[in-house]
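Participant: If you read the protein sequences in the order shown, they are chains A and B.
So the first sequence is residues 1 to 577, counted in UniProt numbering.
So the second sequence is residues 1 to 577, counted in UniProt numbering.
Treat the hints as calculated values from the structure; they're not laboratory data.
Errors might be hidden in some of the hints.
Where chains are identical, the list cannot tell them apart; a pair therefore holds if satisfied intra-copy or between any two copies.
Stated by the list, open to error - Each computed DSBU-like pair below joins lysine-lysine, with the alpha-carbon atoms no more than 35 Å apart: (1) Lys-425 - Lys-487; (2) Lys-330 - Lys-487; (3) Lys-465 - Lys-63; (4) Lys-497 - Lys-126; (5) Lys-34 - Lys-422; (6) Lys-497 - Lys-284; (7) Lys-437 - Lys-34.
2 protein chains.
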Amino acid sequence: MRASRYLIATQKETPADAEIISHQLMLRAGMIRKLAAGLYTWLPMGLRTLRKVERIVREEMDKSGAQEVLMPAVQPAELWQESGRWTQYGGELLRMNDRHGREFCFGPTHEEVITDLIRNEVKSYKELPANFYQIQTKFRDERRPRFGVMRAREFIMKDAYSFHLDAESLNETYQVMHRTYCSIFDRLGLDYRPVQADSGAIGGSASHEFHVLASSGEDDIVFSTESDYAANIEKAEAVAPAGERPSPAEQMKEVATPGQRTIDAIAAFLDIDATRTVKTLLVKAEEDENGKSGLVALILRGDHTLNEIKAENLPGVAEPLTMATDEEIKRVIGCEPGSIGPVNLPVPCIVDRSAAHLADFVCGANRDDYHLTGVNWDRDAALGRVEDLRNVVEGDPSPDGKGTLEIRRGIEVGHIFKLGNKYSKAMNATVLDENGKSVVMEMGCYGVGVSRIVAASIEQNHDDKGIIWPDAIAPFEVAIVTLNAHKSPTVAEAGEKLYEQLRQAGFDVLIDDRNERPGVKFADMELIGIPHRFVVSDRGLAAGTLEYKGRRDEDKQDIPVAEALPFLINASPRKGL
Amino acid sequence: MRASRYLIATQKETPADAEIISHQLMLRAGMIRKLAAGLYTWLPMGLRTLRKVERIVREEMDKSGAQEVLMPAVQPAELWQESGRWTQYGGELLRMNDRHGREFCFGPTHEEVITDLIRNEVKSYKELPANFYQIQTKFRDERRPRFGVMRAREFIMKDAYSFHLDAESLNETYQVMHRTYCSIFDRLGLDYRPVQADSGAIGGSASHEFHVLASSGEDDIVFSTESDYAANIEKAEAVAPAGERPSPAEQMKEVATPGQRTIDAIAAFLDIDATRTVKTLLVKAEEDENGKSGLVALILRGDHTLNEIKAENLPGVAEPLTMATDEEIKRVIGCEPGSIGPVNLPVPCIVDRSAAHLADFVCGANRDDYHLTGVNWDRDAALGRVEDLRNVVEGDPSPDGKGTLEIRRGIEVGHIFKLGNKYSKAMNATVLDENGKSVVMEMGCYGVGVSRIVAASIEQNHDDKGIIWPDAIAPFEVAIVTLNAHKSPTVAEAGEKLYEQLRQAGFDVLIDDRNERPGVKFADMELIGIPHRFVVSDRGLAAGTLEYKGRRDEDKQDIPVAEALPFLINASPRKGL
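Chain A on its own, in the form it takes in the complex:
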């Protein structure tokens, strides 16, 4: 491609409303432009990368045996009513009426449509398993779209849906998809981790997320220092501390703590470590047979944080997790939220494993402005149920017993899910098994955030000059910058020759033949993030050389003109070209 005939829409200024680096750089490098909140046009430069991501996803999905389909973006309400999601799905579902007043939505996901298709098309176990995918524009009406294409309203997803006679078959395809996703992210040149994820809410039996590691990521993901254990923070298990709980050494005492309502305040006031305190959170309990629901106490060590997903997945706790109001606490316990504790608490307690291991601890006295010190389980307070309630913290032991946990930030770019029969049951999607018996199919679903990957890659690969693309998804692999070509026919000719040579060798080449100053061209090519750059100049040609610089290199190097192609082949991951 010739830069002189291409929309190079670079910008010097960092756009004011772009909060994260990928959003800033995608705007500055001329990859995208905003049309409206959460709606972006992909300019030629950005679309090239997007299409390369799409192609890799498609090739790996095809290799896995999945079959590509294309379902309508606009979906009739009837199917969503059948699955129950027409009412469950919130404001993110963009609903509309057609000219005849019938209700539709712009699909954020396609479980209903594919389940409807397959229940009509597939009649026998012989046609299973089958896995269908599409790469498509989706819409999610985010309340607060931001971060550019990272959390846009209109975005491109690869979504796949598999159908099975039984859970074993689902498990096999799930494993194939896990491997396929690893191949995709390997080929994309990303530093990523597959992590266990919670599957509680959707009712499935297993789920993994794929995260691109980046300090700007919105999710906490957890790894073992010594094994391949990895989970997102919602799912990562906090194991019980080793050994027996220490024996009581102190007597329980009530102390006045006027105005001290937080763990930090109490620890400072009593001059103790927060690890020696417990905090008690009151949440709504599950409804009983009569439809009545009381409160239940969740008890954590003072320095720990509640994991809401773990809590709401527990029997006895209402879902979604609902904190008790101050009024409810006052009415049931008789004090303000900052003074609750497990001693003589009039509601059932669920105690986190770490809190259950404490002796001689401090807690609220269920009386405003008083706390208890030297409290011990069993002796002073009934221990009750012990569960994993908290978020892990760095240094916790790994749940597989190997090493300790580290926490990093990640950007979710893929998610695989065993759906089980949630949709197939609701929509009566059955096949006949070997015995001619009608069986509800098992389903899996598998998503990749295609447009989000572009932004995630930038979050992981950039410097103060701009984007640094992995070769596989760079809009162009090589830039040729000609200096003063408008005045030097030698430079112009050598540039053209190199351009043709590299193109014929199969490289995506951008020749910057614009009549701009060298500094402008260099800055643009670096901002755009093209992995390899050759400079063609009179001075170099006089010495028979071109100047080469890899985007991550500190230094330039002179390469004999004749060796440019072999050098590039060697410098590129596409060595087998």
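Chain B: place on chain A using the hints.
Facilitator: Quick look at chain B alone, frame taken from chain A:
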């Protein structure tokens, strides 16, 4: 691809609600399935063809120098308000409100979005001309969607928009697009015609449609028998009859024609040919300076039909064309619509060229149940303005003077358009010219109906067994049908070997390894329309041969196993493979 692991969703029965052959065959061949009115899922088999069409369109657009972008499907109302189309566009525009109540539409076209983008990005004439395209899902809320993907509500378009400093540059790009479209439809293997089209309504200065010829087409297109003149019927010029108008031979007479109100009735009643009559249509005239509008008479030869587009494009005629009501006619002329004529008509007349050439003709007497015979222009009625008002008919002389006109049916699959400054002016899209002066850009737009092409190709290429694909867009180029492979390891092995050999040679191969009867497999492969078929059987292998049949061939032929690949290469349009 192995048929045993692929969704072969063929159907024997012709679906009841599919009116045209492409819709029937796309359903029967398992290419598409209906989700709701005008909304179709592309099954794997159909999507393969759709993607091939897309790829050819993309490659040719890239070759033309156009740059691919991707704009949001969902567009804010503000831009459409700026262009004026928010109110002009009718019920086909699918409108919606987002969660914050802001108005959006699902874009049926993207003039506003691209004009907004370019007015922000392009500041100087140096960056022009530029042509941007996208291949994207569009939505048009058809009142009565039908004919499958031929007139669906959701469909895939290639839409391109070019920007220019002046009309000359627009003209150059317009010619490039004309050639590009020819390359696209040539490569698609379609019998098509570019035809002149009317550009009046949208205000542009030129327009061509590209039609796939098919008897089921909804449009009439017109060709010369002896030149390359071609136009759609709206645009095709009806030239004046050769020679002078004959001199009057009869005297004008009023005859009673009780109850005879149509041309056919009058011609039968008077025992004359309809070519000797004229009919007079009254339509609304353009408003005068005071905002008042009267009527104007359009006068045609009795056997001719009014071309409404030509009529409404004429000065003096209100646009859109509006027929006078019976009441208006009664009030102004004093008779019923079936008895009007040009003699002493109290409104201005516009006379079609052919009607103007008549002598001794019959027309209404402006008095119920009476007609005039032997009427002659000038002598009996003022001739007034003579214009081209009618649709051409087969046998008319070609307007370029070469040959006569033929009329065929066509399916519009492409349209190129000089928009001029319609959008750029309304939206103030300007650049600075060489003198630093701000100039409103000229624009062109260029559409291809990507998904419609799939259906149009079938309308043109099918027989009673099913679809006949051009090689370039066949879902698979070759089918290998193995007979009895589940019992014959020799057949299974030979089939696999051929499969690998043809794939490695670059062919898209479907091996029908299903455990089905030969008749079922043959019928499916023919219904799906795969251009080349090899049959692998024990009997053939015993003789060292495979059976080959081209989809259009009458007869099968035996080919030595070793010659299958060279034979196929020779039989395929991809000879240079």
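Participant: Determine for every hint whether it applies to the structure shown.
Facilitator: Now the hints, each set against the structure:
Proximity of Lys-425 and Lys-487 under a CA criterion of 35 Å is satisfied in neither setting, with 73 Å inside one chain copy and 38 Å between copies. Taking CA atoms no more than 35 Å apart as the test, Lys-330 paired with Lys-487 passes in neither setting, with 84 Å inside one copy and 79 Å between copies. For the homomeric pair Lys-465 and Lys-63, the shortest alpha-carbon distance between copies (32 Å) is at most 35 Å, but the shortest distance inside one copy (37 Å) is not. In this assembly of identical chains, Lys-497 and Lys-126 lie within 35 Å of each other by CA distance solely across copies; the values are 25 Å between and 57 Å within a copy.
Taking identical chains as interchangeable, the C-alpha atoms of Lys-34 and Lys-422 lie at most 35 Å apart only when they sit on different chains, with a minimum of 24 Å there against 37 Å within one chain. When the C-alpha separation of Lys-497 and Lys-284 is checked against a cutoff of 35 Å, the pair qualifies neither within a copy, at 73 Å, nor between copies, at 66 Å. For a Cα distance limit of 35 Å, the shortest separation of Lys-437 from Lys-34 across copies, 28 Å, qualifies, whereas the shortest one inside one copy, 54 Å, does not.
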